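Chemist: This is what each chain is made of:
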Amino acid sequence: MAVFISAVGFGVVTAAILAISAVGFTLQFSVTNVFNLAFGSVMTLSGFVAYWLNHAGLNIWVAMAAAAVSGGLISLAINEAIYTPFIRHGLNLFGMVIVTISVAVIFDHGLQAAVGPTFFSYTAPAGKAFRFADFVLTRQELIIVGIAVLLTILVQVALQYTRVGKAMRGLAINASLARACGVPTRGVIALAWFVSGVLAGVGGVALFLDISTFTATTGSEFLIVIIAAAVLGGIGSPRGAVLGALVVGIVTEVGAAYWNAELKDVLAFGVLIAVLLVRPQGLFSRLATERAIAR
Amino acid sequence: MSAATQYYIATIVVYICVNVIGAWGLDLQFGVTGVLNFAFILFQAAGAYTAAMLSLGPASASGGFQHYLVGFKLPFPLPLIGAMLVGGALSAVIGLITLRRLRSDYQAMVMLVISVVATVVAESVVGLANGSAGLSLIPNPAKSLTGLTLQTQNWLFVGLCVALMLIVGVLMYGLVYSPYGRVLRGVRENEAAVEAMGRSATRARLQVFIIGGALAALSGALLAQFIGAWAPSEWLYPETFVFFTAVIVGGRGSISGVAIGAALVAVGIQQAVQYMPIGSDPTLLAALEWIITGLLTLIFLWLRPQGLLPERRRRYLRRVKTGFAATKLQESAGT
Amino acid sequence: MSVSDAGEAPVFDSVSAGYGGHEVVHDVSLAVGQGQIACIVGPNGAGKSTLLRAITGDAQFLGGRVWLGGEEISRIPSNRLIKRGLAWVPQVDDVFTTLTVRENLELGGFLLPRKGVAARVDELLDTFPLLAGMTSRVAGRLSGGERKLLAIARALMPAPSALLLDEPTAGLSPEMTGLVLQNQIPRLSASGVAILLVEQRALEAIAVSSRVHVMVSGVIRASREAHEVTDWDELARVFLGEQ
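Chains as they are written, first to last, in my numbering: chain D, 5 to 299; chain F, 200 to 534; chain H, 4 to 246.
It is worth saying that the hints were derived from the structure and are not from the lab. Hints may be right or wrong, so weigh each one.
Stated by the list, open to error - Stretch-level coverage of chain F by chain D, calculated; a stretch enters the list once three of its residues show a Cβ under 8 Å from a Cβ in chain D: (1) 317 to 327; (2) 494 to 505.
Stated by the list, open to error - Cβ-Cβ distance ranges computed for the label pairs, FRET-style: (3) F:Arg503 <-> D:Leu97: 18 to 24 Å; (4) F:Ala471 <-> D:Ser216: 35 to 41 Å; (5) H:Glu74 <-> D:Ala118: 50 to 56 Å.
Keep in mind it's a predicted model, so treat the numbers as computed, not measured. Using N, Cα and C, we set each Cβ at its ideal position, and we do this for glycine too.
Chain D extracted, bound-state conformation (with noise of 0.2 Å):
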C-alpha cells in the first residue's frame, strides 16, 4: 500500500507537468486545427532560455517566469512567420503536419549543433521534502503541483467566464460565425498561439526540473506523451487535457512502481489505444464530432 501512495504521489507531480502542456497544446489545437508536432521544441528552447538565465544567477522560479514569456512569444512568432503563411499559401491540415515536423526537426537540431549533445541541468534545490502519510514531496514538486493547480483553472476560467475567452471557443467551433459576431479572429488566433507557448515554457521548466537532466531533444521526446493525455482526454478540451494527464501521470508511476519502470510509457499509451478503440473521441469529450473547446 505504502507503494501505491507514493507512486501515486509521483504520479501526481508527472500529472502536473503533463496537465500544463497538454492544456497548451489542446488549446492551440481546438482554436487553429494545427496539430503543433513543434509544442516540444518550444518547450525545449523556453527551458533552455530559462536554463541560460538560472546559470546566470537567477533563481529558477523567476527563470521559469521568463521561459514563459518567451514561450509565448516563439510560439507567437513560430506561428506568424511559417505556420500562417504556409496555411494563405492553400496547404492543407495534413499539409501543415509535415510543415510542424519539419519546424520542430530544424530547431530542436538546430538548438543541438548550438549546444552540443551533452546534458543540462539547473542549479535549484529540490528543498524540504514533505510528507503526507506516504506521499513524499519537495518543496519543489509541490510548487510545480501548486503552479500546474494554478494554471489549468485560471484557462478554465479564462475561457468559461471571459469575454475573450468565450470568444476563444466561439472560434473553436464556428470561426465564421464568430467573425458574424465581431471577433477579431486573427487576434484571438495570435492569443491561442502565446498562451499556448507560456504554458509549453511552464511545462517545459518543470519537466527538466522534475528529470533534473534534459538535452536539446527533451521537450520532442516527451511531447508524444503529452499527445496521449490531450487525445485521452479529447483532444481540444482543456478539461479533458487535465482529467487525460491525470490518468497517464498516475498510470505510468503505478506501472512503473509495481511492472517495469522502463516500459511505464508503454502502458500509459497502452491504455491510450484501448480507450480510443472504445471511445474514438477520447474520454471526456461528449460531442464526437463537434469537439473545440466544449466546456
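Could you slot chains F and H onto chain D? The hints should help.
Modeler: Structure of chains F and H alone, referenced to chain D:
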C-alpha cells in the same frame, strides 16, 4: 579502383536502392492514396529484425551473447520473403486498429504513438531483439557464397539490391497506373466519389497500408543484411520524416520522382554534409543533415509542392478540363 | 438607384459573386428600405445564398458595391461588418453548438459595452420567450426551430440596422416555419430593422415581404412590390426561366 573506393560506391548504391524501395512503399500510402503513416519506420524495423532472426540461427548457437525471440537459419531468399510477410502482417494488424475505427487526424497521432511505443518496447525487453544494443552479426546472403573475393560478394549484394529495386519499380508502375491505381488516387482526391462507385475507401487504405508495410520491411531487411547490425537507434520515430521528405521532394504519387527524391534526401544530404567545411564532429554533421532535411521540406512545400517530377496526369483529363470549361462554369453556377 | 435615398438600409449596386473565380451571381442591384422586408425567391441553385455569402465573406465578391447607411461595405473584412450595423444568420452552422444558449447570446454581443451585455440578453429573452427557459442548455441540443430562433436572437444582440437571413425556414417543421416567418420576422422589421430574406418557400416569404425579387440562374429576373404579385402564373413563368 581501390577496394575502399569500390566499397564506398557499393555502399552508396545499396543505400539508394534500400531507400528508394522504402520511399515507394510510403509513396503508395501517402503520395498515391493519402494515408498518413507516421509509424512507417516501424515496418522497416520489423523487416530488418525478421530477416535477422530468420538467418542468424538459434540465439544459443552464437554463444548466447545476444538474445532474441526466435532464431532460424534459413537460406536466401527466405529471410527476405519472411520479412515482407511479417511487415505486411504487422501493417494489417495496426491498419485494422487505426484505419478502420479512428478519425483521420487521430490516425496520424496514434501511428506516431505506436512508433514510439515500439521503440521503447524494443529497447527495454531485451529478450525480444537484444534491447538497445540491437542485433549484430546478421548474415549477408552474398557472403555465404564461398570461393569469391570479398569485393565480388559485395558487388553481388549490390546486384541483388538493384534487381529487387527494379522489380519493385516495375510492380509500382503496374499498380499505380492500373484501374486499381485510379481507385487509390480517388481515395486521396475524393473519397465520397470512390464510395459512390461502390468501392470501400477504408479497404483500399488498408491494402496500401499492407503493401507499403511489406515494401518497408523489404528495405529494412536488405539494409540489416548489408550493415550486419540493427538496433533501436536506427529507427527512432523522426526517421519516418526522412521518407516523407523524400516523397515530397520527389513528387507525391510520382514513381520516378520519388526514386530521385529518396536518392537525394536519404543519401545525397548525408553525403553532401561530409564535404562541407564544418569539420567532422558527428553530432554537428547529423544535426546539419536534419536541418537541411527540414528546410528542404519547407522549401518544397512552399515553392514546388508537386515535387521535382510531378505525378503524371493522364492527358485526356486535361483536354476534358479545357474543352468543357464552359459547361463546368455553368455547373458551378447551378450550385 | 440613389444611395442617399436608402437611409440606413442596405443597397446592392450591380453585385457579382461566385466561388473560385467562377461568377455565379451576375450584376444584382436591389435595395431594402428601413424597417422593410425584401425577399429573394427563386429555384434551387439560382445563386440566392451566394449573393448573401459574398457579403459575409463566405463566397467571393467579384464586382459591384454594397452600401449600408451611406457607407460602402463591399470589401471590408467580415468581422467588421457588425460594427457597421450588418448582421446575418447563415443557413447552416448558425449557432455555436458547444456553447450554451446564454453564451451564444453573449458572444453575439461581443462588441457591446461589457456592462450592457446582460441587460441586452434579457431583452432578447423577452422577445424570444421560448429561449428564456433554456438559457443554460447547450445549443447543439436544441431542436431545429429553437436553434434558428437562437441564431436570429444572437444576430440581433448588437441591435443591427440590417439583417440578412439565409433560408431561415430550411428544415423547420410547419409550425416553426409559421412562427419564424409570420411572427418573428415581421416583428423585427416593425422595430426598424431592414431585412433581406432569402427563401425557398416563395409563397410564404412573399406574404410577409414588402418587395420581392425573383432570381434565376444568378440574375434578378423580376422585382415587384409584394402586393402587386397577384399573378401567380407570371411568377411561375419567371421561375421556369421564361421572361
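Chemist: So, for every hint listed, does it hold in this structure?
Modeler: Hint by hint, here is what the structure shows:
Figure legend: the stretch 317 to 327 of chain F, annotated as covered by chain D; annotation consistent (5 residues with Cβ-Cβ distances under 8 Å, at least 3 required). Counting residues of the stretch 494 to 505 of chain F whose CB falls under 8 Å from any CB of chain D gives 6; the rule of at least 3 is met. One distance hint, 18 to 24 Å for the beta-carbon pair Arg503 (chain F) and Leu97 (chain D), holds here, with the actual separation near 20 Å. At about 38 Å, the CB distance of Ala471 (chain F) to Ser216 (chain D) agrees with the hint of 35 to 41 Å.
Checked against the given bound of 50 to 56 Å, the beta carbons of Glu74 (chain H) and Ala118 (chain D), roughly 54 Å apart, stay inside it.
Every hint, counting from the list given before, is met by this structure.
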